[in-house]
Amino acid sequence: MSAAVKERSREEYKAQEERLRTVWANPTGWRYWTSVNNFQIGLWYGSAAFAFMLFAGALALLMRLQLAVPDNDFLSAEFFNQAFTLHGTVMMFLFAVPIFEAVAIFLLPPMLGAREMPFPRLGAFSFWSFFLGGIFVCGSIFFNAAPSTGWFMYPPLATDKEFSGIGADIWLLGLSFIEVASIAAAVELIVGIMKCRAPGMRINLMPLFAWYLLIVAGMILFAFPPLIAGDLLFEMERMFDWPFFDAARGGDPLLWQHLFWIFGHPEVYIIFLPAIALMAMIVPTFSQRPIVGYSWIVLAAVGTGFLSFGLWVHHMFATGLPQISLAFFSAASEAVAIPTGVQIFVFIATMLAGRVIFSTPMLFGAGGLAIFVIGGLTGVMVALAPFDWQAHDTYFVVAHLHYVLIGGMLFPVVAGLYYYYPLIDAKQLSDRLGRLAFWLMFCGFNIAFFPMHLSGLRGMPRRVFTYPTEIGWDWLNLISTAGAFIFAAGVLVVVLDVLRPKHRQPRGELNPWNAGTLEWISEPEENWGVRSIPIVRSRYPLWDQKDLARKVNEGRYYLPDAEEGWREGLVTSVLDAEPIQVLRVGGTSYVTIVSALSLGAAFIALTFHWWIATALAAIICFCAVIYWLWTGTGEIPEKPEKNVGLGLSLPLYASGPDSVGWWAMFITMVGDGTAFASLVFGYFFYWTIHADFTAGIAGPDAVWSLVAAILFAAAWGLMVAARTFNRRGATAAMRGLLVLSLLTTVGASAAGLAGPWSPGMEPTRHVYPAIVWILVLWVLAHGAVGTVMQAYCLARSLAGRLTPKHDMDLGNVVLYWHFLLVTAVITFTIIGLFPAAM
Amino acid sequence: MRLIPKQIETLWTLFTAPVVWAAHFLVCYLGAAIYCAKPELVGLSFSAVRAGIAAATVIALSLIALSAWLAWRQWGFGTDDPPHDDPTRRDRTLFQGFATLLLSGLSFIAVIFTAMPALFLTECIR
Amino acid sequence: MGQYFSLSAASFLLASGYAGARSVLEPAGEEAQQIAVLFWVMLSGGALIWLGVVGLLLHSALFNRRRLAEKSASRIILWGGVVFPSVTLCALLAYALWLMPGLRPFAQASSAALRIEVTGRQFWWEVVYHPSQGPPVASANEIRLPVGERVELTLKSADVIHSFWIPPLGGKMDMIPGRINRLSLKATKPGVFRGPCAEYCGTSHALMAFSAVAMEPEAFRSWLAAQAIPAPSAGASGSALFLRHGCGSCHFVAGTDARGTIGPDLSHLGSRVTVGAGILPNTEDAVARFIARPELIKPGSSMPAFDMLPPGDVRAIAAWLRGLQ
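Residue numbers (our numbering), protein chains in the order written: chain C, 1 to 838; chain P, 1 to 126; chain H, 1 to 325.
Misleading hints may appear alongside valid ones.
[To be verified] Below are the PhoX-like pairs computed for lysine-lysine, each with C-alpha atoms no more than 25 Å apart in a straight line:
id, chain 1, residue 1, chain 2, residue 2
1, C, 639, C, 546
2, C, 161, H, 156
3, C, 14, C, 551
4, P, 38, H, 156
[Claimed, not checked] Not the full set, but computed from the structure, chain P residues with beta-carbon under 7 Å of chain H:
id, residue
5, 109
6, 117
7, 121
Keep in mind the hints are simulated off the structure, nothing from the lab.
A virtual CB, placed ideally from N, CA and C, is assigned to each residue, including glycine.
Given these sequences and hints, build the entire structure.
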């Protein structure tokens, strides 16, 4: 090679790099906040979650001060009740779940050798929703308006306005909003992990963190929707007096408990598994060998994911359900300990098979496991119904859950912070401060929480703002308070270590721990994730593929350039990660903030019953989302294929199951279907608890209901036909069918409405009309969204953005209609025919 | 027609056994709950419920055993030990087989756990 | 000083009130006894497992100097992570399931000689005794039961969810609006126990408790017989003041014109171990202070304050109520 050629290629390389850098660059100034890059979003997400954690921790310290001595009057009963409600709520919804979403958004793209998550704007939307909702919920306590009915919000205490004020609405609406954000994150994670891994990263080579996150995102999809359905029923009762939980009108407080804990227990594992996932990255690095029992970890993650859905009634052991029911849940709660044990033994086995460097992250990890095992063992105890009858709702459970969550989640997260901090600014946290923090936290934690086992067994119930002296709780509580402050001092040391200025500290190595996974080649200064997308041939590519880092950074692999000025990544196949498409993702945009803030405004206005503001905000949000979809999705590329390097040419457009959009729709609709299933569960729940669940009220007209079901089916059929005609190039026919289907949907909705309308069912009178109405409204709302989608496709077609070859929009809408068909047919058959059949 | 399906190339087979566990769990729980709430609806005794649980358990265990056998076959009947970390389609298949086998084992145990209440409880008790 | 100052002095006296066991681990009832054994079994097993796991963890992290082969390491996962827990948990589950039918034998309980109906209210307990013979006997904030006899409890709620629990006697059971839950208890030792409300029920959840008194059967029967008839009233002025100031529109006192049903039945207040739903000693002073400023002692209580009355009147009412033995 001549010197001139070499010189030219170096220049070309520089130009490539510059183009890539420009495309991925963050906006500057205040526009920085419109960034959608996964590093920024992950960092903001994580920092916000940590800040919320500190806030909730401060509330806990106030509570501990109040409980330090008997008959204390440091806090009023009212404030204490708000404090413990917010403490639980914030720790669960604003710290534990979001922190893992943050870590995942930050880490997954570089770990999978991808440039970005598949839907960066969705990630930004999720963050802003979370942030706004969090501020709203937390801020309420400064106006003495915080929820005060416990993070579990049991009706009738939380539904009846006589017992609970606006705090309950703030909880419901603020958190519904955050739940939406979580589901958005789950969609992003699942698609990202299944479809956006680096070429060659087959599922047997995927980093364990990704395996865990895949399972956890799947769990979110099935765990959060029941809560959203519950929130819907709850808010309908609070706002419009529909008696879902009012026993006097046929409702039942226990339905809420079912829906809440169907969410609530998997939630514990949704929190715990990602933390263990961090351990699964840390332990091999410091054992300096690949993990032993990769498949066992997959077994444990999947097994826990499933079993965790069979545990919810163990929160309801004292509600008087038949003992045979309790026994099933005791059994599953015992079984879930097996996969949990497997994970611990995988770590032990890996350490035994390697030589361990006992660093600060390992210290936090090991300390966390020692704590967690105690929590696990007490968990096995309280999982047995008889023992739980004694321990339930006492400080024994408070101790148990903190041992599980702090040992199983907070310690590993801090371990992860010490481990991954160099990825943020190429500097390490202090080892000395880290060890100091560990010992303060470890000792403080045990001093605070171990005595609670005993105070619980001595009869101290949870959620008491004070207690009398001389019944054996005094010194136990005093010790707990002292421990809580030592623990807090440890957390403070961590915070100081993170915040202390580090500009004098020299830039560290890129991979200071000599780790084996891909995230350690990403340079904190660059936004592109990886300079070029590598071909992966190992579980620990940095250990096994010797010159991988160099070749990646020299742009020798895929997509080293951004000649068309797009942010691009690769889509690969699920099992073997063969490259199949170039994915162009959305860049910096205001639309995410506008839609998140307007959606938030709608929820907040709803809390205060400001109907006009609600409507306005909802309209803004609707327009923003439509604008977002119109300008940012389903773009028809300027050429069908693109050369991605290494002699490979890939299509720039995909529709149907090949496209990531289709998967996102599918996953969203699975979550949606779960929420619907929860409502149907509610219908049959009321049937089981009453001898005659209709209470003699005339049900919806069977004929109208069947007509609605048939018309919805017809609308669905027309949609499928529209897609087929479009593919054949019959554009005019497709447009006609879309219009026809839209009209049919309107007719179907009218028929659906006529069902409960014609016999004059009043939803406030009894729970039977209320549950029928909510099911009908659910279908009608979905029908309305369906018509918007039809109109959208029509507009896209007229604007030339939907063509016979580029039919991603239509494909996704038809997928939506598959789910709508099932929803409508099930609803109208049940409400129309079931009462007569019984 | 083959009695045992050929190897299927999909991620979803991994979840067969846990899905069977979930179905079995739901059948047991819902069946018992409905019986205890509306005994007059079925008109049978609690022993019938226990028999039903036993039947569901046998079916679930057989399905899981089948899934385990398929997984074992996919793993080459245990001829190739983990870690299955070569960048080949073969190792990916072996990994899937082994992981599915492990999950079948866990689900098998979990189904037995779920069925145990029916051994000890002879009425709804509420 | 603070609003709960009153409680400190009171609690001290209370110590003598709760004479019996107060812990789950000092069982005085059949169910609690069996659960305590279960607990000790689990605790000893759990302690051993914890020592084993953490020992192994520390050994592998700090002292292990020879690298184990992958195959042997996998065997550790199989035996330690799967086989051992499966067998142990299976045995433990069988033990607990075997316990369950015997712990709360409702079939026998329906033929129990005594049924007590307890209704939870924010933040007190309405109690009605239904002996197999004789008329029902109403009371509040105190449960008495005969030692050695099985008692059936019918648990209800009038407002929000509460939970009924007497730690030394047995596990808890929720009181849920619209549902009727049953519990069956058998005390084995006499004593006075504290029963706290165990489900968060609002502002003064912490201040909702009752005293549970397990008595020898003979003593119990004569006590119940005494409760069934109006208490001999002493201090006619207190009685008159009670009625004049409208107390009778919320409270019931047998043998008088006080026929209210909103607040606790006060017919035999003087005979109770505690007042104010398990939070104050039964002294004239405590009763008087409660009447004057209930919201200071129990925030969120629905009883209005009577501090506009002359202190002497409040005293007289308190003295009369204390006299209702």
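Verification of the supplied hints:
The straight-line distance between the Cα atoms of residue 639 of chain C and residue 546 of chain C is roughly 36 Å, outside the 25 Å bound, and the hint therefore fails. With a C-alpha separation of about 21 Å, the suggested pairing of residue 161 of chain C with residue 156 of chain H holds against the 25 Å cut-off. Pair hint residue 14 of chain C plus residue 551 of chain C holds up; C-alpha atoms about 15 Å apart against a cutoff of 25 Å. Straight-line distance between C-alpha atoms of residue 38 of chain P and residue 156 of chain H comes to about 21 Å, which keeps the hinted pair within the 25 Å bound.
Given hint, residue 109 of chain P at the interface with chain H, holds; its Cβ is 5 Å from that chain's nearest Cβ, closer than 7 Å. Taking 7 Å as the C-beta cut-off, the interface hint given for residue 117 of chain P holds, the closest approach to chain H being about 6 Å. Given hint, residue 121 of chain P at the interface with chain H, holds; its Cβ is 6 Å from that chain's nearest Cβ, closer than 7 Å.
Hint violations for this structure: number 1 only, all remaining hints satisfied.
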